[in-house]
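Student: Chains as they are written, first to last, in the UniProt record's numbering: chain A, 1 to 394; chain B, 1 to 394.
No wet-lab data here; the hints were simulated from the structure. Treat each hint with caution, since some may be false.
Note that identical chains are pooled: a pair holds if it fits in a single copy or bridges any two copies.
[Unchecked claim] Straight-line distance between alpha carbons at most 20 Å, and here's what the computed SDA-like set of lysine to any residue pairs gives:
| no. | residue 1 | residue 2 |
| --- | --- | --- |
| 1 | LYS8 | GLY163 |
| 2 | LYS265 | TYR14 |
| 3 | LYS8 | LEU263 |
| 4 | LYS21 | ARG269 |
| 5 | LYS8 | LYS265 |
| 6 | LYS8 | ARG120 |
| 7 | LYS21 | TYR71 |
| 8 | LYS265 | GLY142 |
| 9 | LYS34 | GLN65 |
| 10 | LYS265 | SER13 |
| 11 | LYS8 | GLN268 |
| 12 | LYS34 | PHE92 |
| 13 | LYS265 | VAL139 |
| 14 | LYS90 | GLY163 |
| 15 | LYS265 | LEU10 |
| 16 | LYS57 | PRO46 |
| 17 | LYS265 | PHE7 |
| 18 | LYS90 | LEU216 |
| 19 | LYS265 | ASN9 |
| 20 | LYS8 | ASP121 |
Just so it is clear, the structure is predicted and the values come from calculations on it, not from any experiment.
Number of protein chains: 2
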Amino acid sequence: MRLNEHFKNLGESYLFVTIAKKVAAYQKEHPEAKIIRLGIGDVTRPLAPAVIDALHKAVEDQARQETFHGYSPDSDGYPFLREAIAGYYKNFGVELDPSEIFVGDGAKSDLGNMLDLFDRDNTVLIPDPVYPVYVDTNVMDGRPIVYLDATEENGFLPLPDPGRRADLIYLCSPNNPTGAAYNKEQLQAWVDYALEQKAVLLYDAAYEAFITEPGLPHSIFEIPGAKQCAMEFCSLSKTAGFTGMRCGYTVLPRELRFGGVSLGKLWQRRQGCKFNGVSYLTQRGAQAVFTPEGQRQIREAIACYQENARVMMEALDRLGIPYTGGVNSPYLWLKCPEGLGSWDYFDFLLERAQIVGTPGEGFGRNGEGWFRLTAFGDPAQTREAMARLERLGQ
Amino acid sequence: MRLNEHFKNLGESYLFVTIAKKVAAYQKEHPEAKIIRLGIGDVTRPLAPAVIDALHKAVEDQARQETFHGYSPDSDGYPFLREAIAGYYKNFGVELDPSEIFVGDGAKSDLGNMLDLFDRDNTVLIPDPVYPVYVDTNVMDGRPIVYLDATEENGFLPLPDPGRRADLIYLCSPNNPTGAAYNKEQLQAWVDYALEQKAVLLYDAAYEAFITEPGLPHSIFEIPGAKQCAMEFCSLSKTAGFTGMRCGYTVLPRELRFGGVSLGKLWQRRQGCKFNGVSYLTQRGAQAVFTPEGQRQIREAIACYQENARVMMEALDRLGIPYTGGVNSPYLWLKCPEGLGSWDYFDFLLERAQIVGTPGEGFGRNGEGWFRLTAFGDPAQTREAMARLERLGQ
């Protein structure tokens, strides 16, 4: 019996483990210290009341034989939810049939499992810095990876290099970790490149709800030609506080075909074989997110995080610390002070201001010298963290 | 861009689609017909009151900032649930550390995704007839499959052939579709064979809660040596009516190592990359299943299904129809009348008795000439179905 030897090439996932260890050690030495965590991108506000009501009602459905829901008729989601999501896309002027929307238990699962559809010899193009899952899931399959430099010079929004070969292309906009967001012209360049290369664009739109600048695309399908080359991964985690609920959706348009084969049909076959649908309760909760009441309520939570981001940006501006993100994203991507590596800056902020962030180096080579803070914290704590930073002059 | 070409080798999953079409066509022609569905293995009884209470409470947790649960600290399950499951295993005399138990969203997902750990050149041994997922998930990876005949002659409980090479071995006991269950001596032969072959046993115990005969093993880990060669897949779907809730657990003992590599560690790495844990609500509901109250309540539901099975077995005995299963399983595996193929018998029962079952041919070559009925139906409907069968003399 031979193991998948590609696992040997995976780096250990030290990042958040190391952070947790350092924080625990500091807290032990300084039991009185009030540490403020702006590191992990997890939400802190409770679920919207409309979602809570829908969940209680769904639990009651499961308590009675007449309304009990067993296996969902389709591993890709109940029609009520797929239709609600198709309705949401109309906000962006994107027309989708519910059958082009596949409900899953989160963007992370779908991003990873989607790779089952592709040969292991394809060349993968991944921006650096990046959400580490894109890299690790391809390393597990032994696919060759080419990195694309996202740097201060290109505003962390690299554009395609027409001379470079790629089969699978990852884009995340608004970006994790940098918070930078592509405009329509830039995404058009990517769509044109993917069509020319006959490549697939794996577009991660998990943070679209945080876009505030008018005119920026919320969906890759706002771009002409995208339905022929792109799939889009979305999540309710950050949008509606579903990090503990587990629900996302992936869009595979009918036009997305390679050699006559529909990727949507392949994905349906993959999921039908290795997945049995998202919990009925979760799907009912997700449906409530897309009602007018649910939308109003989740916008309130998002506005609260956006206010945190504003508070943080103002403090950074006053301090003269260069950063990206914040405007269209819950993430702020700070430049570390001259000469400090991202782990040095981590230690510095922990020790001198009791603030926990994420060292940019954890997101790839180009993340060195940068640092991620999230706007998902409690508002009072976020203000206190910025006050500490300003007292420090740093 | 090249697709995973192995998808071309997948048979279309016609089975339940074809059944649904035939039933719909019959109902359209006979709108007055009262069709009784004993085909798909889905439960019909609502969730246990203890589970319902736990779910409502968990929903309330998600409604308040102080008790809100976001990302679970570990994609492999909350300690409260892993500890509860370890406690359950003590019923079988099996000692497990909670860290050896991995909570997932169902046995189907875990069975499929587990294959990420293994090289694609391994030889897979799969009994026939069988749960089609074992076959399809390996076909998707292009792994060579050797089938093992489960027939009336061997009581649908094939034993290892020491001369046959295997790397990955699938066993399901009590079996889907045949309902046959291995005893300890038979499982010992499989464990000895796996150890001798240095193979991995993928043991599907999804139906263990339906075992009634004393002395039959509920877990492969009751067998000496199993911790060195086996992993066990379990599910709350049939045990606690969780088909729509999505929760299962997979046991990878610490001793399960190949070339010094712990399969549990590899699985943890796989899940950490491509999965973000089971919904907090579901895990709280699952925890309630393992309380004394929850156990008493789920045993009542199982007893109801077992009573259905008893009614069915008595009818088949009176009719002189040969079958296996029913005693230790919610499935009954009937021999079709002489000369009738399993699809012929399907049509016969639908047209003459308005009973829907599952043609054995859908489970593999050796399923031809056999037919599966499930005991998961409503008790009154199950009795009515058997009365129709007896009136038919068939």
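Student: Which of the stated hints cannot be reconciled with the structure, identified by number in ascending sequence?
Tutor: Hints 1, 12, 14 contradicted; others consistent.
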